[in-house]
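Engineer: These protein sequence lines are chains F and Z, in that order.
Straight run, no breaks: the first sequence in UniProt numbering ends on number 245.
Straight run, no breaks: the second sequence in UniProt numbering ends on number 245.
Among the hints, a few may not be true.
Which copy is meant is left open, so a pair is good if it fits within one copy or across any two.
Below, in silico cross-link-like pairs of lysine to aspartate or glutamate (DMTMM-like), each with a Cα-Cα straight-line distance of 25 Å or less [unchecked claim]:
{"#": "1", "residue 1": "92", "residue 2": "108"}
{"#": "2", "residue 1": "92", "residue 2": "184"}
{"#": "3", "residue 1": "65", "residue 2": "123"}
{"#": "4", "residue 1": "92", "residue 2": "58"}
{"#": "5", "residue 1": "92", "residue 2": "182"}
{"#": "6", "residue 1": "65", "residue 2": "35"}
{"#": "7", "residue 1": "65", "residue 2": "40"}
{"#": "8", "residue 1": "65", "residue 2": "141"}
{"#": "9", "residue 1": "65", "residue 2": "184"}
{"#": "10", "residue 1": "92", "residue 2": "181"}
{"#": "11", "residue 1": "65", "residue 2": "191"}
{"#": "12", "residue 1": "65", "residue 2": "242"}
For the record, the hints were derived by calculation from the structure and aren't laboratory data.
2 protein chains.
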Amino acid sequence: MAATRPGPVIVLVRPQLGENIGKAARAMLNFGLTEMRLVEPRDGWPNPAAGPAASGADNVLADAKVYPTTAEAVADCAHVYATTVRKRGDTKPVVTPEEAAGEISAREGRSAILFGPERSGLETVDISLARSILTVPINPDFGSLNLAQAVILCAYEWSKVAAGSVVQPTQEDTLPPAPQEELEGLIGHFEQLLEPRRYFFPEDRAEANRRTLRNVLTRPGWNHLEVRTLRGVLSALSRTPDVRK
Amino acid sequence: MAATRPGPVIVLVRPQLGENIGKAARAMLNFGLTEMRLVEPRDGWPNPAAGPAASGADNVLADAKVYPTTAEAVADCAHVYATTVRKRGDTKPVVTPEEAAGEISAREGRSAILFGPERSGLETVDISLARSILTVPINPDFGSLNLAQAVILCAYEWSKVAAGSVVQPTQEDTLPPAPQEELEGLIGHFEQLLEPRRYFFPEDRAEANRRTLRNVLTRPGWNHLEVRTLRGVLSALSRTPDVRK
């Protein structure tokens with residue numbers, strides 16, 4: 001099984017606010033990306049506003065490298081993606097974050113994803129460095145992704161691919177349903193209490209009522225702990241209420 | 001071809017900062033979600049800090065409804081997801097945002113996703129209302145998703161499914177789970193019968209017993225017919241047994 005390739009380099013081109021650089025670092029590290037590059041950060045680097053916004057992703061900031069041009073920032077990268085809103089007349093392939101993640105994980109060579117300045121986005125000259133356009137499919141009537149959000153969606157999609165077989169948060173540590181005999185015990189307990197209380201009445205409805213009750217109790221697939229809880233409930237219900245209370 | 005089901009309701013439980021409510025609204029609208037509900041927002045509602053942070057998603061805020069309890073906020077929802085970090089011993093199914101999106105689009109009945117307060121996350125009592133845990137698979141060494149980021153990942157995954165004209169066939173044409181308020185009625189009925197029979201005893205176990213019972217009764221996702229059957233069973237059980245028989 002092929003090892004997962006390193007994650008993409010996140011390149012912030014002329015970012016404006018230090019706070020947003022910090023938030024981007026936090027977004028990256030949440031999904032295991034650690035390599036940030038900065039092209040001409042407006043307020044210089046390091047930026048004291050970045051640290052607090054990074055919420056602990058300090059190493060990402062400490063390791064961030066600064067480049068005078070976008071071309072230099074991606075010089076060692078084989079696959080460069082430019083995040084932009086999709087425009088008419090794009091001449092490059094346009095991919096979603098999900099598609100980009102798949103490509104990045106599958107391809108040899110380092111990948112980089114370019115993100116433009118908060119206000120204006122990437123310029124044509126930056127985009128021209130990229131082989132692909134990365135566009136987040138967004139509400140056409142309200143496109144308002146900020147920098148850290150765009151970063152987190154890309155990082156998240158990459159981590160899904162990279163995780164591969166890792167942590168499949170499914171129902172695995174839920175217990176299996178109780179053995180059928182425990183379920184039968186529960187159903188029997190219900191019936192034994194219901195019989196003398198004329199639940200299965202009138203006679204011609206009894207069979208259907210029994211079947212309905214059985215279906216209701218069978219469908220959940222309760223595990224043995226849950227069945228035990230319900231047996232306790234039934235025992236309690238068969239007691240005479242304590243009217244002193 | 002089945003139309004796409006409505007998106008999930010986003011329920012912010014005891015959110016602290018108005019700014020974060022605004023950011024959550026923006027995150028939602030970016031991916032086409034519009035229905036926000038607020039449970040006990042710390043600083044009241046409306047909150048003047050929310051609007052600027054929403055960056056134009058003002059309608060989401062204007063339409064947001066406030067509820068005194070989480071239970072009331074999800075009373076009309078058939079499928080409730082609680083976003084939490086995954087813990088050992090979860091007794092509910094744990095799904096990723098992607099899996100949740102698939103389920104939400106495929107199932108009959110309204111879905112809701114609960115998000116806890118910024119600092120502390122959802123409390124046990126909120127989680128107990130949900131049938132599933134929604135966990136974002138995150139860097140185990142640095143889990144630091146903020147509220148708006150958690151919301152945006154869920155909204156994003158939902159929009160991917162909703163956008164795909166892929167018709168997610170429902171597995172069965174069984175009825176959807178009963179609305180949450182019917183389930184609450186059933187749980188309340190159980191408790192009302194069990195209380196005087198000293199089921200919730202001793203005192204120091206009462207809370208845990210209540211929670212266990214709630215989990216057992218919540219997990220099945222019974223439909224309204226099944227809930228009605230069980231209400232009938234409880235009515236019968238509260239009768240005095242007929243010893244003549």
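Engineer: Look at each hint and say if it fits the structure.
Structural biologist: Status of each hint after checking the structure:
1. Proximity of residue 92 to residue 108 under the C-alpha cut-off of 25 Å is restricted to the intra-copy arrangement: shortest distance 20 Å within a copy versus 40 Å between copies.
2. With identical chains, the CA atoms of residue 92 and residue 184 are at most 25 Å apart both within one copy (18 Å) and between copies (23 Å).
3. Taking identical chains as interchangeable, the C-alpha atoms of residue 65 and residue 123 lie at most 25 Å apart only when both belong to the same chain, with a minimum of 21 Å there against 41 Å between chains.
4. Neither within a single protomer nor between protomers do residue 92 and residue 58 lie at most 25 Å apart by alpha-carbon distance, with minima of 35 Å and 35 Å respectively.
5. Taking identical chains as interchangeable, the C-alpha atoms of residue 92 and residue 182 lie at most 25 Å apart whether they share a chain (20 Å) or sit on different chains (21 Å).
6. In the homo-oligomer, the alpha carbons of residue 65 and residue 35 lie at most 25 Å apart inside one protomer (9 Å), although the nearest pairing across protomers, at 41 Å, exceeds that limit.
7. For the homomeric pair residue 65 and residue 40, the shortest alpha-carbon distance inside one copy (10 Å) is at most 25 Å, but the shortest distance between copies (44 Å) is not.
8. Proximity of residue 65 and residue 141 under a CA criterion of 25 Å is satisfied inter-copy only: 23 Å between copies versus 36 Å inside one chain copy.
9. For the homomeric pair residue 65 and residue 184, the shortest alpha-carbon distance inside one copy (21 Å) is at most 25 Å, but the shortest distance between copies (45 Å) is not.
10. Within a single copy, residue 92 and residue 181 get their C-alpha atoms as close as 20 Å, and across copies as close as 23 Å, so both meet the 25 Å cut-off.
11. In the homo-oligomer, the alpha carbons of residue 65 and residue 191 never lie at most 25 Å apart, since the shortest distance is 29 Å inside one protomer and 44 Å across protomers.
12. For a Cα distance limit of 25 Å, the shortest separation of residue 65 from residue 242 qualifies neither inside one copy, at 49 Å, nor across copies, at 42 Å.
In this structure, the earlier hints numbered 4, 11, 12 are contradicted, and the remaining ones agree with it.
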